[in-house]
Amino acid sequence: MAGNLTLDQTTRLSDWLAAEAGAAVTILATERLSGGAIQENHRLEIEVAGGPWPGRHDLVLRRDAASAVATSHSRAEEFALLKAAHKAGVIVPTPCVLCEDATVLGGPFFLMHRISGEARGGRLVKAAPNAALVRELGANLARIHSITPPRSDLEFLGPPPADPARAAVAQYRAYLDALPDPHPAVEWGLAWLADHAPAPGPVALCHRDYRTGNLMIDDGKLSATLDWEFAGWSDPLEDIGWFHAKCWRFGRWQEEAGGLGPRNAFVAGYADSSGRNIDPTAALYWEVMAHVRWAVIALQQAWRHVSGEEASLELALTAHVVPELEAEILAMTGDAA
Amino acid sequence: MRKNPSGAALTAIADATETAADPAAANANYVAAMIRNARAIAVRQAEAGDGPARAEEASLRALLGGDGSLADLNRTLVRAIRDGRAPKGTHAHLCIVNRAELAESNPRYLARLDSAS
Numbered sequence: 347m348a349g350n351l352t353l354d355q356t357t358r359l360s361d362w363l364a365a366e367a368g369a370a371v372t373i374l375a376t377e378r379l380s381g382g383a384i385q386e387n388h389r390l391e392i393e394v395a396g397g398p399w400p401g402r403h404d405l406v407l408r409r410d411a412a413s414a415v416a417t418s419h420s421r422a423e424e425f426a427l428l429k430a431a432h433k434a435g436v437i438v439p440t441p442c443v444l445c446e447d448a449t450v451l452g453g454p455f456f457l458m459h460r461i462s463g464e465a466r467g468g469r470l471v472k473a474a475p476n477a478a479l480v481r482e483l484g485a486n487l488a489r490i491h492s493i494t495p496p497r498s499d500l501e502f503l504g505p506p507p508a509d510p511a512r513a514a515v516a517q518y519r520a521y522l523d524a525l526p527d528p529h530p531a532v533e534w535g536l537a538w539l540a541d542h543a544p545a546p547g548p549v550a551l552c553h554r555d556y557r558t559g560n561l562m563i564d565d566g567k568l569s570a571t572l573d574w575e576f577a578g579w580s581d582p583l584e585d586i587g588w589f590h591a592k593c594w595r596f597g598r599w600q601e602e603a604g605g606l607g608p609r610n611a612f613v614a615g616y617a618d619s620s621g622r623n624i625d626p627t628a629a630l631y632w633e634v635m636a637h638v639r640w641a642v643i644a645l646q647q648a649w650r651h652v653s654g655e656e657a658s659l660e661l662a663l664t665a666h667v668v669p670e671l672e673a674e675i676l677a678m679t680g681d682a683a
Numbered sequence: 005m006r007k008n009p010s011g012a013a014l015t016a017i018a019d020a021t022e023t024a025a026d027p028a029a030a031n032a033n034y035v036a037a038m039i040r041n042a043r044a045i046a047v048r049q050a051e052a053g054d055g056p057a058r059a060e061e062a063s064l065r066a067l068l069g070g071d072g073s074l075a076d077l078n079r080t081l082v083r084a085i086r087d088g089r090a091p092k093g094t095h096a097h098l099c100i101v102n103r104a105e106l107a108e109s110n111p112r113y114l115a116r117l118d119s120a121s
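Protein chains in written order, with our numbering: chain A, 347 to 683; chain E, 5 to 121.
Keep in mind the hints are simulated off the structure, nothing from the lab.
These numbers come from a predicted model, not from an experiment.
Note that the Cβ used here is the ideal one computed from N, Cα and C, for glycine as well.
Hints are not guaranteed to be accurate.
[Said to hold, decoys possible] Every beta carbon over 10 Å from chain A, so not counted as near; a handful from chain E, in silico:
id: 1; residue: 28
id: 2; residue: 47
id: 3; residue: 50
id: 4; residue: 51
id: 5; residue: 59
id: 6; residue: 62
id: 7; residue: 66
id: 8; residue: 69
id: 9; residue: 70
id: 10; residue: 79
id: 11; residue: 105
[Claimed, not checked] Restricting the straight-line Cα-Cα distance to at most 25 Å, the calculated cross-link-like pairs of lysine to any residue (SDA-like) are:
id: 12; chain 1: A; residue 1: 472; chain 2: E; residue 2: 120
id: 13; chain 1: A; residue 1: 472; chain 2: E; residue 2: 119
id: 14; chain 1: A; residue 1: 472; chain 2: E; residue 2: 99
id: 15; chain 1: A; residue 1: 592; chain 2: A; residue 2: 529
id: 16; chain 1: A; residue 1: 592; chain 2: E; residue 2: 99
id: 17; chain 1: A; residue 1: 592; chain 2: E; residue 2: 113
id: 18; chain 1: A; residue 1: 592; chain 2: E; residue 2: 111
id: 19; chain 1: A; residue 1: 472; chain 2: E; residue 2: 68
id: 20; chain 1: E; residue 1: 92; chain 2: E; residue 2: 68
id: 21; chain 1: E; residue 1: 92; chain 2: A; residue 2: 472
id: 22; chain 1: A; residue 1: 592; chain 2: E; residue 2: 119
id: 23; chain 1: A; residue 1: 472; chain 2: E; residue 2: 31
id: 24; chain 1: A; residue 1: 472; chain 2: E; residue 2: 35
Work the whole structure out from these sequences, hints included.
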């Protein structure tokens, strides 16, 4: 189903939208947006002739790409996550409607408001350090973490893990075992994580990819939290560690909050919004976890190329990011795994 | 141990990507940068030859007191680490191997680490 929308699809989409809106809908423009190896995004500009949503709307249509992977959430699940986040005050594109009728576009899709801004990490870290933005990012993450189980609308996330840290270690070991080559430096990191695992605490909804690159910034302010496909129940510190990990600072190492600004601003924003202070030692544990997790994912991605599943230079090069991650793992864990 | 794909395989996918690349595409600069990066890694690996692998193998033999191929020795080390019986000197060994890999995959990163320490 990948690619630009065909004329037939546009017609069917227009008819479906008209039924949803209770009024005639004219599709003024469609455009495939760049990026999205797992999901495909199309800009959609429509005019609704009446009903509850009259007028022009600038939207994004999100559907599976050809290379969608089984581990990410379905469009219906992502739509449910967006709705839950939006209701909790998280800055996300407003979710509009979900279509699970495959006769319209060949598979499920949903519409959300189009948000302007810049998400590319390499560009964002070139701006001056922005403590106010980073503080806002901390507060925004705290609002995500205000969503706690049980939630009937998020039942698809499964039961929350009893011990998120040890569950992650077990999962990443299993992932490494499925790869043909041995990776002792990553294994060293996992041994350290197993030995230093914190006692399990309260679990919350975690974005699990909350980092520079997945946050849309417009005029120095957060305009959208993107890419919810890996969200799940976990220790909130997992998101905090992932956000601060050196590997997601896009080379601007000194700005510890995602390469965008100072760590203390993020911590203050998080505390203001949640009433909880971040334990720096516990956060450091999850920064080690972040590097290990990214290393395991990178090795899996490279294997997709090496195994012949998907020939891709981008996937092939991902293997050569791993030594950087291993260097950080070895530096953070020291000689005492 | 070098990550896969390495050397010739990396060059092959870089060549195939270049052949198929659309110079007018919006991401043409990004693709060109990836091609340059892949070729640069392959060149650095060719220049280093099998020296890093031989050094790693010798270090593993000394560390583990055993014999076998580089991959098998690394598998033995992985099992030892996971079982909590990593021999003394494992961290130092891993750091040396990591520096050799970084020298091939991203020497600028290695230089930056060195200048920061």
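Under the criterion that the straight-line Cα-Cα distance not exceed 25 Å, is the pair residue 472 of chain A, residue 99 of chain E satisfied?
Roughly 31 Å between the alpha carbons, so the hint for residue 472 of chain A and residue 99 of chain E is violated.
For the pair supplied as a hint, residue 472 of chain A and residue 120 of chain E, confirm whether the alpha-carbon distance does not exceed 25 Å. Holds, at about 20 Å.
- Under the criterion that the straight-line Cα-Cα distance not exceed 25 Å, is the pair residue 592 of chain A, residue 99 of chain E satisfied? With Cα atoms ~18 Å apart, residue 592 of chain A and residue 99 of chain E stay inside 25 Å; holds.
Is it the case that residue 28 of chain E keeps its Cβ farther than 10 Å from each residue Cβ in chain A? holds (14 Å)
Please verify whether residue 592 of chain A and residue 529 of chain A have alpha carbons no more than 25 Å apart. Holds, at about 21 Å.
Exercise for review: Determine whether the non-interface label on residue 59 of chain E survives the test: each CB of chain A must be over 10 Å from its CB.
Suggested key: The claim stands: residue 59 of chain E keeps its Cβ more than 10 Å from every Cβ of chain A (closest is about 15 Å).
Checklist entry - Holds or violated: are the alpha carbons of residue 592 of chain A and residue 119 of chain E at most 25 Å from each other? => result holds (16 Å)
task = Mind checking the alpha carbons of residue 472 of chain A and residue 31 of chain E for me, to see if they're no more than 25 Å apart?
result = holds (20 Å)
**Request:** Confirm or reject the statement that residue 66 of chain E sits farther than 10 Å, beta carbon to beta carbon, from all of chain A.
**Result:** holds (15 Å)
Residue 592 of chain A paired with residue 113 of chain E [C-alpha distance capped at 25 Å]
holds (12 Å)
| said: The output says residue 79 of chain E does not contact chain A. Does that hold with a beta carbon cutoff of 10 Å? | reply: Its Cβ does come within 10 Å of chain A, the nearest being 5 Å, so this is violated.
Original post:
Non-interface claim for residue 51 of chain E: all C-beta distances to chain A beyond 10 Å?
Top reply: The assertion about residue 51 of chain E holds, with a minimum of 16 Å to chain A.
Hints 10, 11, 14, 19, 21 from the earlier list are contradicted by this structure; the remaining hints agree with it.
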